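Dock chain D against chain F, hints included.
Protein chains: 2
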Amino acid sequence: MSKYAIGVDFGTESGRALLVDVAGGREVATHVHPYGDGVIDETLPTTGYKLPPDFALQNPMDYIAVFQNAVPAVLEASGVDPADVIGVGIDFTACTMLPTLADGTPLCALDAWKDNPHAWVKLWKHHAAQPEADKINATAAEMGEPWLSRYGNKISSEWFFSKALQILDEAPEVYAAADRLIEGADWVVWQLTGEEKRNACTAGYKAIWSKREGYPGSAFFKALDPRFEDVVDAKMSRDIYAIGDKAGELTEQAAAWTGLLPGTAVAIANVDAHVSVPAATVTEVGRMVIIMGTSNCHMVLGREEKRVPGMCGVVEDGIIPGLFGFEAGQSCVGDHFAWFVENCVPAAYEKEAAAKGLNVHQLLEQKAAALAVGESGLLALDWWNGNRSTLVDVDLTGMLLGATLATKPEEIYRALIEATAYGTRVIVEAFEENGVAVDEIVATGGLPGRNKLLMQIYADVSGREIKVAATEQAGALGSAMFGAVAAGEARGGYDTIFQAAQEMARLQDVTYKPIPENQAVYDKLYAEYVTLYDYFGRGSNDVMKRLKALKAEIRG
Amino acid sequence: MSKYAIGVDFGTESGRALLVDVAGGREVATHVHPYGDGVIDETLPTTGYKLPPDFALQNPMDYIAVFQNAVPAVLEASGVDPADVIGVGIDFTACTMLPTLADGTPLCALDAWKDNPHAWVKLWKHHAAQPEADKINATAAEMGEPWLSRYGNKISSEWFFSKALQILDEAPEVYAAADRLIEGADWVVWQLTGEEKRNACTAGYKAIWSKREGYPGSAFFKALDPRFEDVVDAKMSRDIYAIGDKAGELTEQAAAWTGLLPGTAVAIANVDAHVSVPAATVTEVGRMVIIMGTSNCHMVLGREEKRVPGMCGVVEDGIIPGLFGFEAGQSCVGDHFAWFVENCVPAAYEKEAAAKGLNVHQLLEQKAAALAVGESGLLALDWWNGNRSTLVDVDLTGMLLGATLATKPEEIYRALIEATAYGTRVIVEAFEENGVAVDEIVATGGLPGRNKLLMQIYADVSGREIKVAATEQAGALGSAMFGAVAAGEARGGYDTIFQAAQEMARLQDVTYKPIPENQAVYDKLYAEYVTLYDYFGRGSNDVMKRLKALKAEIRG
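As they're listed, the protein sequences go chains F and D.
For the first sequence, the working numbering begins at 1 and goes up steadily by one.
For the second sequence, the working numbering begins at 1 and goes up steadily by one.
One chain only, chain F, in its complex shape (with noise of 0.2 Å):
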């Protein structure tokens, strides 16, 4: 009799489940359900407020609805029967956190704190903490914080504590109700199970915690603010478990929401791009693995810990147990061209798109295709929402270079994608240079299936062999395993996540080799983006970061 485990995977705008055979891996069925309140940031749903600049906000009871929805529907379409269903695995977007009651209610779900946008869950790309991430970098450096190097020397204000001061700052009242902050990714946990359990991959990533060295000291967080002090044991946890561990078992409400037997092993929670490793097939050092969607998260597993500068982090057990895992990314890649499409494609494109029954994307693919390495000469960098690593800099902008009245959409277009390509590179050879290999890349995420030509560029820039990941919901079947690795195989499951990725996950058969021609050429352009990019971004002319202090200033 087959065995299935259930991954379910909370992004952005939406949650998926994912029903997954066991024994090898088929995906049999999938469902999204699409949030109701989606991202938060223009005004509060309850009154109307509006929010400030760079909010961005999610309600919790969006994430109830997924189960409630999304897992009935794959376990309907599918005709399994939920005694069939070994184990659930959840992924999820982060830092993505909330405050809640002792009990996991949301502060938000209570009419006394409704109103108050921080009473909301504060969504990964919620980017209104960067005073807090600024004072959190600052301090720690003045008291020569140890840890501050793990994450590239600098605490981004999409993390846990520069979200949770600022709850502290903006609203005191809401943090001292708050008996708990938490991800969102343990809350769902949670939710299923009914016991509070956290996990090593968002702690170790988000939330500056080593196996080895647990949180920052009191004395720190005394630092940033008196009352923060004891945020870790007021409001936290210390007890956090490794990546492939069981957290429980389902509920009965919990299972009344989903349709499946009390009782169904849960996983410890996981992070979207994460989770993704072993489903692209990755569990072991060297190859590296490149989650392409709105944005590009690298991952890539090693023996020991080395500082990257520049990187986000390096986790024990963040990904794979008993490997470190580290973490880069960019901030703005699918999200670069999605903007291109929306904002700068001419009213001509749509037609012709649509006459050949293209989309915009696909038309601008197939005219960029066609152009030779070099022959728009535009450059670009690649920072339209900041860079993520190396410079670890939200406040860097994009810039377009080498524009011609004979430059076309296609060619920018182009440009843009290849911008992408030399930030890629610039991590890669970050980590090369810092001992931690990469000799492979395995991509996966919405981007490989859906645009070749970015597939090739990536080979060219990079130099290097890249393959892609059978799966198109790599988070999910993630998860997934991880839910068979929760079940055990004892009850049909697996015992480790290398024996699940050995039995679940696959690549495509098609892989993206360098063309040597295009490298040469490459090579040229990446040089002059790598001038480009430390003029910019590394203090010779900071005239992004003066006209973006400028642009808020104007804005007030």
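Simulated from the structure, these hints should not be mistaken for lab results.
It is possible that some hints are incorrect.
Any copy, or any two copies together, can satisfy a pair, since identical chains are not distinguished.
[To be verified] Cross-link-like lysine-lysine pairs, in silico, DSS-like; alpha carbons within 25 Å at most: (1) Lys-408 - Lys-351; (2) Lys-408 - Lys-367; (3) Lys-524 - Lys-114; (4) Lys-548 - Lys-524; (5) Lys-408 - Lys-211; (6) Lys-367 - Lys-551; (7) Lys-548 - Lys-408; (8) Lys-367 - Lys-524; (9) Lys-551 - Lys-452; (10) Lys-524 - Lys-408.
Small disclaimer: the values here were computed from a predicted structure and weren't measured.
Just chain D, lined up with the frame of chain F:
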């Protein structure tokens, strides 16, 4: 009885005739006649031969067709008696030159030569003579030629000797067959009067002639190529006529073309930009005229010859007799916005514009005008078509910086306008730093009437009041004014251009004054612009030129 003058303005795509009342400058009738062959930049009309890159040719017979069509049309539309038309003036693009026989017959009109592209008119924007311009500049620098600094130390590929030398280099047989090499401006006057008389404006600005020093010496031409040693005496002329002189009178043949009377006075030829200066009321020092259209042309008068680095040129009697005329330019202004609208504005904007009864430029202007100065965070270098002044470098390219995922088309549109305004300020400051006063600006050309936002931005950025010429066809009006001067007071015209300007040229009531708050922010942005201008334009990072060279190499 009223007297009239006709100005004929030869543009890039068409010629315009304007019939003007000499007494008050009233523009009675105008007619535009498009050139049959337009700009010949893809294939030669006779053979279909595919032209090399950067070629831009014209058919001189198209100019004759303007006399044959546009002049009769204004006579008919106005009902004016040809006997009351006292003078004709013409202005032309420059340097636009052609090879002819001794009697003025264009080589391209002869069966023997019509299939050779070098026998045709080389239009001002023919950019294929860059190797020859490079050779002229290098040779002049080496030989310490004193005239070089009169032209900002660089001769353009657009100018007369670059083009003439290209004919010699690439088609020595055409060069040998050409009895004359002549500006289109002088050629059409020759066709009207039967006499070859060359004007000081094109000779001075485009052919390295000066009233005091004449042409470069034959040793210089010999150094370029021994066969080029006698180019001036063999194929040009040392008799140069001041702007404001009379060239002659209409021949019987030209009278038949135009419907005017034989013997009608004809002025010495002029250049479209320069002739606009008196049409914009300016005949004295301290007031800069900017002709704002596809490109910007800046002209200002002075009492002494100053050498201003990076200027296009200074010519005594070249604009107004008795004064030194200084010229500078920006090669990409209206063209810039047109490129943007054609290539970078999404379908949604086209729809919105249509719904509001606006064109896309108007919609963008409306949206861009709603932005505060500095609010977009964007900064551009306006080099989409190279830099004409003060860097004099066609290999520079456009740059846009500061883009984010929230950047909207109107923000880019505004940044492009601002970039051209910064470029103008660089020019104004270069004049002033070198002793040429610019106290006030008078704008003319196609843009001032179409884009109030642009005008205000120029006032705010330059810190100077900007007035606007009343006429919307300054070239043709200026030509008509010179036609009235050619006729002279005795025939019902004027003896000097000063009188003609007094009587026939006017300003609009509207003026644009700098807004102090905007000025303050623009001063900051301008400082950023200048830093990038110097970084990319003066050798710190020649990435633009390297990319352009790579592009040329790849395109073959």
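Here's how the hints hold up against the structure:
1. Lys-408 - Lys-351: both (16 Å within a copy, 21 Å between copies)
2. Lys-408 - Lys-367: For Lys-408 and Lys-367, both the intra-copy (10 Å) and inter-copy (24 Å) Cα distances are at most 25 Å.
3. Lys-524 - Lys-114: neither (55 Å within a copy, 43 Å between copies)
4. Lys-548 - Lys-524: Between copies only: 13 Å across chains, 30 Å inside a chain, cut-off 25 Å.
5. Lys-408 - Lys-211: neither (52 Å within a copy, 45 Å between copies)
6. Lys-367 - Lys-551: between (35 Å within a copy, 17 Å between copies)
7. Lys-548 - Lys-408: Cα proximity of Lys-548 and Lys-408: across copies only (15 Å, versus 28 Å in one copy).
8. Lys-367 - Lys-524: within (23 Å within a copy, 40 Å between copies)
9. Lys-551 - Lys-452: between (37 Å within a copy, 23 Å between copies)
10. Lys-524 - Lys-408: Only inside one copy: Lys-524 and Lys-408 sit 22 Å apart there, 32 Å across copies, limit 25 Å.
The structure is inconsistent with the numbered hints 3, 5, although it conforms to all the rest.
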